[in-house]
Structure formats: structure tokens, C-alpha cells
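**Q** Sequence:
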Amino acid sequence: MKKVLGLSILTALLFIISACGEDSSNNEEASGGEGEESGETITWKLGHLSNEDHSWHKTAERFAELVDEKTDGQLQIEIYPNEELGSETDVIDGISAGTADMTITGESMANWAPETAMLGAPYAINSEEHLKTVVEGEIGEELEQTIKDDVGLTPLYYHMRAPRNLTSNEPINTPADAEGFKMRVPNVPLYMDSWNEVGASPQTIAFNEVFTGLQQGVIDGQENPVDLIHSAGFYEVQDYVNVTEHVYGWVYVVVGNEQFNALDEDMQEAVMEASEEVQGLSQELYEEDTEEYTQMLKDEGMEFNEDVDKDAFSEAMRPAIEESLNEEQLDLYERIVEAGE
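In mature numbering (1 follows the signal peptide of the UniProt record, and there is no 0), the protein residues as written are -21 to -1, 1 to 320.
For the record, the hints were derived by calculation from the structure and aren't laboratory data.
Virtual Cβ for every residue (Gly too), placed ideally from N, Cα, C.
Heads up, some of the hints might be wrong.
[As the list claims (entries may be wrong)] With a straight-line cut-off of 20 angstroms between C-alpha atoms, the simulated EDC-like cross-links for lysine to aspartate or glutamate are:
#1 K289 to E263
#2 K289 to E57
#3 K277 to D218
#4 K24 to E48
#5 K37 to E255
#6 K24 to E237
#7 K127 to E252
#8 K111 to E255
#9 K37 to E266
#10 K37 to D268
#11 K37 to E57
#12 K161 to E188
#13 K277 to E149
#14 K111 to E267
#15 K277 to E267
#16 K24 to E215
#17 K161 to E215
#18 K37 to E270
#19 K111 to E86
#20 K24 to E67
#21 K24 to E63
#22 K111 to D218
#23 K161 to D218
#24 K24 to E57
#25 K289 to E120
#26 K37 to E19
#27 K127 to D69
#28 K127 to E307
#29 K127 to E115
#30 K49 to E248
#31 K24 to D47
#32 K24 to D69
#33 K127 to E237
#34 K24 to D51
#35 K37 to E252
#36 K111 to E237
#37 K161 to E149
[Claimed, not checked] Restraint ranges, calculated between C-beta atoms of paired labels, are given here:
#38 D47 to E244: 16 to 26 angstroms
#39 E313 to D47: 34 to 44 angstroms
#40 G116 to D32: 26 to 36 angstroms
Please build the complete structure, drawing on both the sequences and the hints.
**A** As C-alpha cells, this is what we get:
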């Protein structure tokens, strides 16, 4: 009897041990391991400031589709436009904190990496071709490495930005025409200093207050790319787009280093392949949008003043640029300028 009882107890213990082993195995399988080996779906959140109709958002949507296809659905990208995850700087902070993963950013990264201020420096770049040469060449590689090292972000692809132009109710051809011109500029010290050097009277006003300021004569003009000039309705209170083209800039679509490095090699390669494929779409949509917005402003009655002496404006701003930039920034600025000569 004792033997039978002992055998029964032993059998029960073996059953319990076996069951625990199965539970452990099932739990491990359900929780998964890293990336592809576990079959776990990874989700990245991409927050940016533009609306759903903007080329940045449309390109991001295609990028998400390509990543989904190339990773067999293992990496999903959720897109949050209209600053739904916060401002550009907020999202960058969120990427470090793990509450976001991707964003679209430019010279705002100068808070972490001063060299990135060159992404929007006045008269550093003189044309779209010059910009492309810089971004896709040695200087662009250096900037991307700086962004990785100092900001903690990995650039994936970039967007050209339409050049910034000065609007007014009288044509402005030379720096002399801008003497005392009351104009709104964004809260960027380099912009303030540069337009002060020209002789204008720059002021920092919230963007949503610019239309009223122009309407009431508090300011005489402002400077922005054609898409923002149109979307803000400035054609209702301004007659001229003076083609100063004082800033040719670009922005990067970035992901956190930690998030990117957590992927296995195959998934990293898939992300980079998707990035290369959408780069062409980004350029295509940029060109379409710039042409379309230019024509819409003309249709609304704005005159594009092409008789602007851009060399004179560049020369007038030069002392302010040299004084505002530190030694490393100025060296980079000079190299960018030389790349377009």
C-alpha cells in the first residue's frame, strides 16, 4: 500500500513539473524575444507638424507602407500629423523618453548640435541643385553623423524646403529698399541679426498673429516659403513676393538611435531601402507643391518680383552671420557656400 501511495505521489509530482514546463514554454512563446525571431510586431510613432495634405505627410504614409511590406508587417509606423504628439522639440524629447520614435526636424536640432543651424542659414545655399549637392555629399554625411552622435537620432531621408522669400506691398530690390522695413521673422537669432544688418526692422511675432499685423499695418511684411504664404492667406494683405531666396533649407526624417539599433540587421536594411525609395517621391512632391503654390499666389494677384539683387542681400547679411556663428559653425558655413560655387 505504501509503495502504491509513493508511486502515486511521484507520478503526481512528475505531472506538475511537466505542466509547469509547458506553461513556461508557452509564456516564453507568447511574450516573444527580440524582433524577427519572436514574430513580435514593433510599432514606431512618427509625430510631425504638417497637415495631412502636405507632401511631408504623404511621403511618410508611403514610407510606412513600404516598411510594412519589406518587414512582412513586423514593423508598423503610426503617423501623427498637426503636432498631435507635441511640437518638434517636444517630439525629439519624447523620442529620448520612449513616448515617440520618429519626427521631421531641421535647424531645431541646433539645441543639441549647433552645426545643424546650417540647415536654415541665410544665403548658405543658392539653389536646389546646390542643396542636393550638400545634403547628398560629404557635408551631408558629416551632418548626419553629428545628428547621430549629438542628438541621438538617425536620419533616414530628407525633404527640401521651398526657399524663404520676402513679401511686401512695394517691390524690394536691394538692401536700401529694406531700410526701416518692419517685418516679422521667426524667433531665430540668426534671422533677427541678419535682417538688422540689412537695415530692416525685424520683429518676432507668433505666426498666427502675422496676418492681423499685416492687415493693421503693425508690420510691413514677412518672409516665408510659398506654401506658408498661401496657407496663411497673406495674398489678401500683401502684393509682392520678392524673390530674395535668402534661405534654402531642408529637414530630415529621423528615428531614435535606440529604436533603430534595436532592430535586427534585416529590418534595419528594410527601413533604409524604404527610405531610399521614398526620397524620390519626396522630391517629386516638393517640386509639384512649389510650382502649384507659386501659381496659386499669382492667381490670387500677387506679383513675383524677380529683380532682386540677391548678391547684395547676401553681402549685407554677411557681417551678422560671421558674428553670430561660432568657429565650427562658420567653417561649416564656408564649406557649404563653396560647394555651390
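**Q** Going straight from one Cα to the other, do K37 and D268 come out at no more than 20 angstroms?
**A** Given pair K37, D268 holds - Cα atoms ~12 angstroms apart, limit 20 angstroms.
**Q** Starting from K111, check that the Cα of D218 is at most 20 angstroms away, please.
**A** violated, 31 angstroms
**Q** Are the Cα atoms of K111 and E237 separated by 20 angstroms or less?
**A** violated, 28 angstroms
**Q** Tell me if the straight-line CA distance from K37 to E270 falls inside 20 angstroms.
**A** It holds: about 17 angstroms lies between the C-alpha atoms, which stays within 20 angstroms.
**Q** Falls inside 26 to 36 angstroms, the C-beta gap from G116 to D32?
**A** Holds: the Cβ-Cβ distance is about 32 angstroms, inside 26 to 36 angstroms.
**Q** With a cut-off of 20 angstroms on the C-alpha distance, tell me whether K37 and E266 pass.
**A** holds, 14 angstroms
**Q** Keeping to a limit of 20 angstroms between CA atoms, is the pair of K127 and E237 held or broken?
**A** Holds - the C-alpha atoms of E237 and K127 are around 10 angstroms apart, at most 20 angstroms.
**Q** Quickly compare the C-alpha distance for K111 and E255 to 20 angstroms and report which way the hint goes.
**A** Distance ~14 angstroms between K111 and E255 Cα, so the pair holds.
**Q** Compare the distance between the alpha carbons of K277 and D218 with 20 angstroms, and conclude whether the hinted pair is satisfied.
**A** holds, 10 angstroms
**Q** Is K24 within 20 angstroms of E57, Cα to Cα?
**A** holds, 5 angstroms
**Q** Hinted pair, alpha-carbon criterion (20 angstroms max): K24, E63. Please report holds or violated.
**A** holds, 11 angstroms
**Q** Decide if the proposed pair is consistent with the structure: K161 and E149, CA atoms, cutoff 20 angstroms inclusive.
**A** holds, 13 angstroms
Comparing the model with each numbered hint stated earlier shows that hints 1, 2, 16, 22, 25, 26 and 36 do not hold.
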